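Okay, here's what each chain looks like letter by letter:
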Amino acid sequence: MTYEEKLAAFAERVEAGGKVETEDWMPDDYRRGVLKFVEMHANSEIMGALPERECLPSAPSLRRKMSLAAKIQDEVGHAQLLYRVAEDLGKSRHAMYEDLVTGKSKFHNVFHYPVRHWGDVAVIGWLIDGAALVTQAALRDSSYAPYARVLKRICAEEQLHLRHGEDITLELASGTDRQRWMFQDALERWWLPIIHFFGPRSNVEKDLLLRWKVKTRTNEDLRQEFLDRYVPKVLELGFTFPTPAPVRQGDHWVVREEEIDWQPLEAIKRNQGPETERRLAWRRRMYDEHRWVREAMAEPVVHAA
Amino acid sequence: MEVYEVFRRHGHKDPFEHCGAVIAPDPDMALIMAKECFLRRGEGEHLWVARRSDIHSFKDESLLEPTGDKSYRFASGYRDVIHKREKALARVRELSGGGAA
Numbered sequence: 003m004t005y006e007e008k009l010a011a012f013a014e015r016v017e018a019g020g021k022v023e024t025e026d027w028m029p030d031d032y033r034r035g036v037l038k039f040v041e042m043h044a045n046s047e048i049m050g051a052l053p054e055r056e057c058l059p060s061a062p063s064l065r066r067k068m069s070l071a072a073k074i075q076d077e078v079g080h081a082q083l084l085y086r087v088a089e090d091l092g093k094s095r096h097a098m099y100e101d102l103v104t105g106k107s108k109f110h111n112v113f114h115y116p117v118r119h120w121g122d123v124a125v126i127g128w129l130i131d132g133a134a135l136v137t138q139a140a141l142r143d144s145s146y147a148p149y150a151r152v153l154k155r156i157c158a159e160e161q162l163h164l165r166h167g168e169d170i171t172l173e174l175a176s177g178t179d180r181q182r183w184m185f186q187d188a189l190e191r192w193w194l195p196i197i198h199f200f201g202p203r204s205n206v207e208k209d210l211l212l213r214w215k216v217k218t219r220t221n222e223d224l225r226q227e228f229l230d231r232y233v234p235k236v237l238e239l240g241f242t243f244p245t246p247a248p249v250r251q252g253d254h255w256v257v258r259e260e261e262i263d264w265q266p267l268e269a270i271k272r273n274q275g276p277e278t279e280r281r282l283a284w285r286r287r288m289y290d291e292h293r294w295v296r297e298a299m300a301e302p303v304v305h306a307a
Numbered sequence: 061m062e063v064y065e066v067f068r069r070h071g072h073k074d075p076f077e078h079c080g081a082v083i084a085p086d087p088d089m090a091l092i093m094a095k096e097c098f099l100r101r102g103e104g105e106h107l108w109v110a111r112r113s114d115i116h117s118f119k120d121e122s123l124l125e126p127t128g129d130k131s132y133r134f135a136s137g138y139r140d141v142i143h144k145r146e147k148a149l150a151r152v153r154e155l156s157g158g159g160a161a
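In order, the protein sequences belong to chains A and B.
Take 3 as the starting number for the first sequence in my numbering and just add one per residue.
Take 61 as the starting number for the second sequence in my numbering and just add one per residue.
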């Protein structure tokens, strides 16, 4: 078979809902696209552990501190699962880590922002994990089967994180004026980044990952599902949205596209977000300081006589 | 002859799962036998075999037990959502002056 014939057969298979395994033949564009996508997801999980890690000292009780620490461990675990999937596509973990800490590869926009207090944990755990769950649940149908399988486990854990985030939110919502302010304040800072999280409108013609069914739904479709699901819940708790505030349109909650300021996202794409440099520097330092751990772990056990 | 453990998978969405073992002189024969034994009626679409001697497990299974109360790792650690939501809604009513404050 010529390359063109292989390509046509591959496209046909994927179009019909067929799945791709690591050992299958795949076009270079597909391999590169999936690798970049999964690598970015892995980077986001490991960088996503940092903002919440910074909130650990403000946990209001030992139980809350332990449950947040467990969630952070889960996120780091997701990164390990995803780096493993990406590695099988031909890039070493070391190279991926190197590209992350030197700013060559990217991670998700929401992890470039600062955290201020315990209200941030509620918004991150409930709304950002909620947004992530909407996108990741859709990816369980991805054409790249090893990724789809890992996402099953990840989504199950994200579901738990959502419960955890909602639990904290409800506690703040039923609490003192100060507690309620904490959620409201965090919501005001995080709302625009959450809207950005789904990305701008997808270009269905140009988006190779959509065409290969690595991604299964458009950005705007996923954002819509998120808004419809969460906006009423937030309003019900008596909180208010900053710009771009959702408005009711028939059966849907929508944000007006002209009200979305995309400038902050553009800066983050160039790795120039408010916390980008500091968090990458932290990762780099951890990577260097823990070198001896990696080296020690790579040695087989030697039993003393 | 050696024992080969057999793993099989349905489609592409599920993980491989252990389904039994066969005795064979080499991996190729183990695969043929595994197919005859464990894929007779479309129970799966993919098959792996691995030498039992290549599979490792904890000698002391007590090492697998959690080291303390980890209930916060389970959904059951965040119960009573309905009750908690009602409490929050009561607080909202109280704030808007419309409830039984």
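Hints are computed from structural coordinates only; laboratory data are not their basis.
One or more of the hints may lead you astray.
[Claimed, not checked] Below 30 Å or equal to it, Euclidean Cα-Cα: the simulated BS3-like pairs (lysine-lysine) are:
no., chain 1, residue 1, chain 2, residue 2
1, A, LYS154, B, LYS147
2, B, LYS73, A, LYS8
3, B, LYS73, A, LYS108
4, B, LYS144, A, LYS235
5, B, LYS144, A, LYS38
Source: prediction; values computed, not measured.
Going through the hints against the structure:
Simply put, LYS154 (chain A) and LYS147 (chain B) have alpha-carbon atoms about 33 Å apart, too far for the 30 Å limit, and the pair is violated. For the given pair, LYS73 (chain B) sits about 24 Å from LYS8 (chain A) by alpha-carbon distance, which is consistent with the 30 Å threshold. Of the pairs offered as hints, the one joining LYS73 (chain B) and LYS108 (chain A) holds, with about 28 Å between alpha carbons and a cut-off of 30 Å not exceeded. Between the alpha carbons of LYS144 (chain B) and LYS235 (chain A) the distance comes to roughly 13 Å, so the proposed pair stays at or under 30 Å and holds.
At most 30 Å may separate the alpha-carbon atoms for a hinted pair to count; LYS144 (chain B) and LYS38 (chain A) exceed this at roughly 41 Å.
Checked against the numbered hints above, the structure breaks hints 1 and 5 and satisfies the rest.
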